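Peer 1: Sequence:
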Amino acid sequence: METGVFMFGAVEMDDAGPGLPAPTDRRYSQQEMWNAAMRLLDMGVAAERLGFDVFQLTEHHFQHEGYEVVPNGLLFGMALAMKTERIKIGAMFHIIPQWHPLRFAEDFATLHNLSGGRAVLGVGRGTVPREAQALGTQVGSFDNPDQAVADQMNREVMEECMDVILTAFENESFSYRGKHFVFPPDGIPDRGGFVETLTLVPRPLYPYEVWQAITSPPSLQHVPERGFGGVFWLMHHQFIKQRWDRFAEVWEQHHGTLAPGEKRNLVLNIRIEDSHEQAWKSARPGHDEYWKFLGPYGWSKGYMGKDGKPAASGLIPTLEESVDQKVWVIGTAEEVAEGIQEYKDALNLKHFTIYPNFPGDSYTYSEEQMQRYAEEVRPLLR
1 METGVFMFGA VEMDDAGPGL PAPTDRRYSQ QEMWNAAMRL LDMGVAAERL GFDVFQLTEH
61 HFQHEGYEVV PNGLLFGMAL AMKTERIKIG AMFHIIPQWH PLRFAEDFAT LHNLSGGRAV
121 LGVGRGTVPR EAQALGTQVG SFDNPDQAVA DQMNREVMEE CMDVILTAFE NESFSYRGKH
181 FVFPPDGIPD RGGFVETLTL VPRPLYPYEV WQAITSPPSL QHVPERGFGG VFWLMHHQFI
241 KQRWDRFAEV WEQHHGTLAP GEKRNLVLNI RIEDSHEQAW KSARPGHDEY WKFLGPYGWS
301 KGYMGKDGKP AASGLIPTLE ESVDQKVWVI GTAEEVAEGI QEYKDALNLK HFTIYPNFPG
361 DSYTYSEEQM QRYAEEVRPL LR
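For the sequence shown, full-length UniProt numbering gives the first residue as 1, with consecutive numbering after it.
Just so you know, the hints here were simulated from the structure itself, not pulled from any lab data.
Check before you lean on any hint, since a few could be wrong.
In silico SDA-like links for lysine to any residue, alpha-carbon gap of 25 Å or less [as the list claims (entries may be wrong)]:
#, residue 1, residue 2
1, Lys301, Gly19
2, Lys292, Lys309
3, Lys301, Gln278
4, Lys263, Lys306
5, Lys301, Ala150
6, Lys292, Met1
7, Lys83, Ala312
8, Lys292, Glu32
9, Lys326, Thr24
10, Lys241, Ala333
11, Lys326, Met1
12, Lys350, Lys292
13, Lys301, Ala312
14, Lys344, Leu380
15, Lys306, Ala333
16, Lys241, Gly256
17, Lys292, His237
18, Lys350, Glu85
19, Lys83, Thr3
20, Lys350, Ala150
21, Lys326, Tyr303
22, Lys292, Glu85
23, Lys344, Tyr297
24, Lys309, Glu334
25, Lys179, Asp163
26, Lys326, Gln238
27, Lys306, Lys83
28, Lys292, Asp163
Pairwise CB distance ranges, derived in the manner of DEER restraints [what the hints assert, rightly or not]:
#, residue 1, residue 2, range
29, Ser175, Pro21, 27 to 33 Å
30, Met1, Leu114, 26 to 32 Å
31, Asp190, Leu381, 55 to 61 Å
32, Glu342, Gly308, 18 to 24 Å
33, Glu2, Met82, 42 to 48 Å
34, Gln221, Ser175, 25 to 31 Å
35, Lys179, Asp274, 37 to 43 Å
36, Ser175, Gly227, 18 to 24 Å
37, Phe62, Glu156, 20 to 26 Å
Just so it is clear, the structure is predicted and the values come from calculations on it, not from any experiment.
Note that the Cβ used here is the ideal one computed from N, Cα and C, for glycine as well.
Please build the complete structure, drawing on both the sequences and the hints.
Peer 2: Set out below in structure tokens:
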């Protein structure tokens, strides 16, 4: 089973938990945020040393609140590639509609080639209007009053961006005409003629993987249709099983039979302590801060409501709800291994990612969590 580590990249907070301060009232210094970025490089090096296969960050912008302070996973990945030899380097996720697609394609190919084929192409549509609109696009976030219109535009731009990126990757020369992008633009003069095609320099020299989050019925249909891998996170365990199986059905309709567990990645938030009670006490502040931050963006819609249907967007779950729904797996090493093993048996896991760094955790503590997983949990998995 390929195992990865995923971290948001947060400043080390000393007051995480429910209540005040409100997320938007947080404001950290540039030095504090840069210190977090430097410690994230340490985490990537530690992940390789501890035998993990993939190290994943995420792309976010303008977050003075300090929750996610890496705006460019490709540049970060380049620095990590220079410090490591084996581990794959990716993001959950590069927010593709916020990029010029050809600049992204060039930068990803550069990282992929310089790292010897270790870059993982994780792509997403985004969640935060503050970021999207400041960078020239839209996003259908739960707290965006123009949600439906913004979401439709976002999907269109995402689709065209991926068409452009993959067309540029897979062809010596290419052209593209869509609703939002035309490459090359018409009428570019060049040495007595006009530019008809472009060539990406560099193109990937090694095979690459494309992964996208499964967050809604449209993405559950679209991602396997395109032949991308699907990432499943923050969902009730029954919803994960249903969508995991449906992904394979859609894949088979378009690409043939999918081997059990392949092309699907499960992410679980974990906490390992010496006792059950310590794990709950340790996890609660970071859990509550996490949802105080992300609940208003609609991230809890994968939870199950009391009627057995997806919870309404904006739910702020308790730790008890998160553990009951098996979104958070916490306890002793034996308890965490048991929770992971349940998923491993049910889903035939081939790709699995732990999220060990909650808001408020120090990076020293998060490295200890990675080490405890590697030394205490991993040996218990069958």
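Peer 1: Could you run down the list of hints and mark each one as holding or not?
Peer 2: Against the structure, the hints:
1. Lys301 <-> Gly19: holds, 22 Å
2. Lys292 <-> Lys309: With Cα atoms ~22 Å apart, Lys292 and Lys309 stay inside 25 Å; holds.
3. Lys301 <-> Gln278: It is violated: about 28 Å lies between the C-alpha atoms, which goes past 25 Å.
4. Lys263 <-> Lys306: violated, 31 Å
5. Lys301 <-> Ala150: Judged against 25 Å, a Cα distance of about 18 Å means the pair holds.
6. Lys292 <-> Met1: violated, 33 Å
7. Lys83 <-> Ala312: The hint is violated at about 43 Å.
8. Lys292 <-> Glu32: holds, 21 Å
9. Lys326 <-> Thr24: violated, 29 Å
10. Lys241 <-> Ala333: holds, 24 Å
11. Lys326 <-> Met1: holds, 20 Å
12. Lys350 <-> Lys292: Roughly 32 Å separates the two Cα atoms, so the pair is violated.
13. Lys301 <-> Ala312: holds, 6 Å
14. Lys344 <-> Leu380: Holds: Lys344 and Leu380 sit about 12 Å apart, inside 25 Å.
15. Lys306 <-> Ala333: It is violated: about 30 Å lies between the C-alpha atoms, which goes past 25 Å.
16. Lys241 <-> Gly256: holds, 20 Å
17. Lys292 <-> His237: Since the Cα atoms of Lys292 and His237 sit roughly 22 Å apart, the hinted pair holds (cutoff 25 Å).
18. Lys350 <-> Glu85: holds, 22 Å
19. Lys83 <-> Thr3: At roughly 20 Å apart (the allowed maximum being 25 Å), Thr3 and Lys83 satisfy the hint.
20. Lys350 <-> Ala150: violated, 35 Å
21. Lys326 <-> Tyr303: holds, 10 Å
22. Lys292 <-> Glu85: Status violated; Cα separation ~37 Å.
23. Lys344 <-> Tyr297: Violated. Lys344 to Tyr297 sits at ~30 Å, over the 25 Å cutoff.
24. Lys309 <-> Glu334: violated, 31 Å
25. Lys179 <-> Asp163: holds, 12 Å
26. Lys326 <-> Gln238: holds, 9 Å
27. Lys306 <-> Lys83: The hint is violated at about 48 Å.
28. Lys292 <-> Asp163: Violated - the C-alpha atoms of Asp163 and Lys292 are around 36 Å apart, more than 25 Å.
29. Ser175 <-> Pro21: 27 to 33 Å: violated, 51 Å
30. Met1 <-> Leu114: 26 to 32 Å: Between Met1 and Leu114, where Cβ atoms are some 28 Å apart, the hint holds.
31. Asp190 <-> Leu381: 55 to 61 Å: Once the Cβ atoms are compared, 58 Å apart, the range 55 to 61 Å for Leu381 and Asp190 holds.
32. Glu342 <-> Gly308: 18 to 24 Å: Since the Cβ atoms of Glu342 and Gly308 sit about 20 Å apart, the hinted range of 18 to 24 Å holds.
33. Glu2 <-> Met82: 42 to 48 Å: violated, 23 Å
34. Gln221 <-> Ser175: 25 to 31 Å: Holds: the Cβ-Cβ distance is about 28 Å, inside 25 to 31 Å.
35. Lys179 <-> Asp274: 37 to 43 Å: At 57 Å between Cβs, range violated.
36. Ser175 <-> Gly227: 18 to 24 Å: holds, 22 Å
37. Phe62 <-> Glu156: 20 to 26 Å: The hinted range 20 to 26 Å holds for Phe62 and Glu156, with Cβ atoms some 24 Å apart.
When held up to the earlier numbered hints, the structure conflicts with 3, 4, 6, 7, 9, 12, 15, 20, 22, 23, 24, 27, 28, 29, 33 and 35 and fits the remainder.
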